Amino acid sequence: METPESQLETLRRLRERALQGGGQERIAQQHARGKLTARERLGLLLDPGSFQEIGALATSITEDEGQRIPGDGTVTGFGKINGRRVAVFAQDFTVMGGSFSAVQANKICRMQDLAIESGIPIIGLNDSGGARIQEGVRSLAAYGEVFVRNVLASGVVPQISAILGPCAGGAVYSPALTDFVIMSESTGYMFLTGPDVIKAVSGRDISTQELGGAAVHCARSGVAHLSAPDDQAVIELIKRLLSYLPQNNNEDPPQIMPYDRADRQEPALNALVPADERQGYDIHTLIDLVFDYDSFLEIQPLFAQNAVVGFARLDGYAVGVVANQPAMMAGALDIDASDKIARFVRICDAFNIPVITFVDTPGFLPGIEQEYGGVIRHGAKIIYAYSEATVPKISVVLRKAIGGAYVAMSSKQLRCDLNFAWPSAQIAVMGAEGAVRILQRDELRAAADPGKLMEQFVAEYRRKFFNPYHAADLGQIDEVIEPAETRPRLIRALEILRTKVQQNPPRKHGLYPS
Amino acid sequence: MENPGFGLMMTALGMGLVFGVLALLWGMLTLLTRFDRPEASSVNESVPADESASTATEQLTAEELAAIAVAVSFHATMLRREAAPAVRSYWPGSLLFASRWVAAGRARQNQSWQRRR
Chain R
0 METPESQLET
10 LRRLRERALQ
20 GGGQERIAQQ
30 HARGKLTARE
40 RLGLLLDPGS
50 FQEIGALATS
60 ITEDEGQRIP
70 GDGTVTGFGK
80 INGRRVAVFA
90 QDFTVMGGSF
100 SAVQANKICR
110 MQDLAIESGI
120 PIIGLNDSGG
130 ARIQEGVRSL
140 AAYGEVFVRN
150 VLASGVVPQI
160 SAILGPCAGG
170 AVYSPALTDF
180 VIMSESTGYM
190 FLTGPDVIKA
200 VSGRDISTQE
210 LGGAAVHCAR
220 SGVAHLSAPD
230 DQAVIELIKR
240 LLSYLPQNNN
250 EDPPQIMPYD
260 RADRQEPALN
270 ALVPADERQG
280 YDIHTLIDLV
290 FDYDSFLEIQ
300 PLFAQNAVVG
310 FARLDGYAVG
320 VVANQPAMMA
330 GALDIDASDK
340 IARFVRICDA
350 FNIPVITFVD
360 TPGFLPGIEQ
370 EYGGVIRHGA
380 KIIYAYSEAT
390 VPKISVVLRK
400 AIGGAYVAMS
410 SKQLRCDLNF
420 AWPSAQIAVM
430 GAEGAVRILQ
440 RDELRAAADP
450 GKLMEQFVAE
460 YRRKFFNPYH
470 AADLGQIDEV
480 IEPAETRPRL
490 IRALEILRTK
500 VQQNPPRKHG
510 LYPS
Chain S
0 MENPGFGLMM
10 TALGMGLVFG
20 VLALLWGMLT
30 LLTRFDRPEA
40 SSVNESVPAD
50 ESASTATEQL
60 TAEELAAIAV
70 AVSFHATMLR
80 REAAPAVRSY
90 WPGSLLFASR
100 WVAAGRARQN
110 QSWQRRR
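As given, the protein sequences belong to chains R and S, one line each in that order. Numbering-wise (numbering that gives the first Met the number 0), the first sequence opens with residue 0 and increments by one. Numbering-wise (numbering that gives the first Met the number 0), the second sequence opens with residue 0 and increments by one.
For reference, chain R alone in the conformation it holds in the complex (with noise of 0.2 Å):
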């Protein structure tokens, strides 16, 4: 019969394993490659002494005793960041590559399901080199086990991945459900299929960074939203995002003292807009003078840089910010801005943070290979999720707001609360050249100079049309105010609007244009 004194003694020395993962050796090998290991992670990442380890000891459904270690290849459980509470999971690579077993799937799946329960963010890293083939279809059925739960905790409580080594085939997918995905550019990668079929297909060499490392996801197929270089910055990125957002779809992202401000003005601003309308600017300019100091944290920054979105704060309470970027296509909005943008805008709505938008946008990018892609569909998706908002909405058109764009960018039918224009605004069906062929065709055919009088069509077309003044006369515009008053006005305004409320009809979901 065992003493009190030898179970206690198991007991140490289980857990004693438990915390050396795959061993000494797999660890050095980890540290080698540049990685850290699970539980030095989550050191980094929770505030010290307040993480409580849940199914340390749970260890794989196999006969072979050599690999039944503790934890299984995943540390679960709660913790603090900042004094919040949150429940984490990290992959660890040192215990079989950390590929993913049914009973890690188990482990993840009981902190997904507490922390939807308990409403509180649930934030993985992930460093899995893919399903325990041993398995066999019990792994396959353990990725569904955590999909679904990503789905169910989606807009009900922040989702965070970061990947910081291996995510390869369906273990893509989890992150891809989750609400923001961070990579370590060293060493994460995420695919469907690696080099290795890529180059049996089509015969293409390939590395797995170019395959599917952060340039890519963050650049080119927008599936990443930050990256950082490492995986200790990886971890400082996922504690900023954090500070944005609420603990979940009830509560409010904690509002910090404010250190800037309220009244600021900016007379820098009234010469923002160059005078020639052919010229660029740069919308981050805007950005860092309107918020609070050194707040803006960019979403997708590399990604579909004709449009800007990320998250600040005014007077310490955190927004979402999107924007046109007139430096990049001239702000024209394409497949991948309106994506960009749709999924922000929903983002914000689900954890309700107000949205600020800043247009100037000339219209959707016209091209062959927009229209056979499915910009139509695309650009819907912004209509639809800034229609579909019910959080404060603020819009401020700098410049060009033309045709279809400028009903897409938060405007007054979308149930924008408030318009804002400044006297550089030029909101019309479009731009001024093209009206004036149509709409003038007879006149200019039968004149004797066409060209003078097209000039003079033209010039008549902007005083009427190309000034903030019309659309405020209907009634789109709720003010015209002077740039350098951008700040104090959006702040007034959140005040006055932050107990909004407002209800959509009761339906089991829409159909998002997708």
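Among the hints, a few may not be true.
Claimed, not checked - Some chain R residues flagged as far from chain S (calculated, every beta-carbon gap over 10 Å):
1. Pro47
2. Ile68
3. Val150
4. Ile197
5. Val200
6. Arg203
7. Asn248
8. Pro252
9. Ile255
10. Tyr280
11. Gly402
12. Phe464
13. Val479
Claimed, not checked - Here's a subset of chain S near chain R, in silico, CB distances under 7 Å, partners left out:
14. Thr60
15. Ala82
16. Val86
17. Trp100
In case anyone wonders, no lab produced these hints; they're calculated from the structure. Quick caveat: nothing in here was measured; it's all calculated off a predicted structure. For each residue, glycine too, the CB sits at the ideal point set by N, CA and C.
Dock chain S against chain R, hints included.
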């Protein structure tokens, strides 16, 4: 007004009693204040402590002081960027949860999406 002498005597007695008690209280408070003063020795001890602190600061090089200033500034920036408890206005998020308008509104917003148990 039949016996003004008795009236005067009672007035003098009453006022004397009140002022006597006030004088007694004043005396007690003065005594307490005297006991409550810090001892002369402890005051003297604090002076060298301050001096030693300033001496320690003076011993740092300009580079070390600059490094400390940068570290402190960086720490403050990190606290702000991560909305650490030290810079947060309210716990855990904002005070909006206290608004019945917002609480009821959000409950309605989410109702149509909730699964039935």
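Right, here's what the structure says about each hint:
1. With a closest Cβ-Cβ approach of about 13 Å to chain S, R:Pro47 is found to remain outside the 10 Å limit, as its non-interface label requires.
2. Against chain S, the non-interface label of R:Ile68 holds: every CB pair exceeds 10 Å, the least being about 34 Å.
3. In this structure R:Val150 is separated from chain S by more than 10 Å, as the shortest Cβ-Cβ distance comes to about 12 Å.
4. Even its closest Cβ contact with chain S, about 39 Å, leaves R:Ile197 beyond 10 Å, as expected for a residue assigned away from the interface.
5. With 10 Å as the threshold on Cβ separation, the claim that R:Val200 sits away from chain S holds: the shortest Cβ distance comes to roughly 42 Å.
6. Every CB of chain S lies more than 10 Å from the CB of R:Arg203, the least distance being 42 Å, so the non-interface label holds.
7. For R:Asn248, the shortest C-beta to C-beta distance to chain S comes to about 7 Å, within the 10 Å cut-off, and the non-interface label is violated.
8. Remark: the non-interface label on R:Pro252 conflicts with the geometry, its nearest Cβ contact in chain S lying 6 Å away (cut-off 10 Å).
9. The Cβ of R:Ile255 does not lie farther than 10 Å from every Cβ of chain S; its closest approach is about 5 Å, which violates its non-interface assignment.
10. Listed as outside the interface, R:Tyr280 is consistent with that label: its C-beta sits roughly 27 Å from the nearest C-beta of chain S, beyond the 10 Å cut-off.
11. The beta carbon of R:Gly402 is kept farther than 10 Å from every beta carbon of chain S, the shortest such distance being approximately 32 Å.
12. Taking the minimum C-beta to C-beta distance to chain S, about 38 Å, the non-interface status of R:Phe464 holds against the 10 Å cut.
13. Its beta-carbon lying about 30 Å from the closest one in chain S, R:Val479 satisfies the requirement of being farther than 10 Å from that chain.
14. The beta carbon of S:Thr60 comes no nearer than 29 Å to any beta carbon in chain R, farther than 7 Å, and the hint placing it at the interface is violated.
15. Hint status for S:Ala82: holds, given a least beta-carbon distance of 4 Å to chain R, under 7 Å.
16. Proximity of S:Val86 to chain R holds as hinted, the smallest CB-CB distance being about 5 Å (cut-off 7 Å).
17. Among the interface hints, the one on S:Trp100 holds; its C-beta lies about 5 Å from the nearest C-beta in chain R, closer than the 7 Å criterion.
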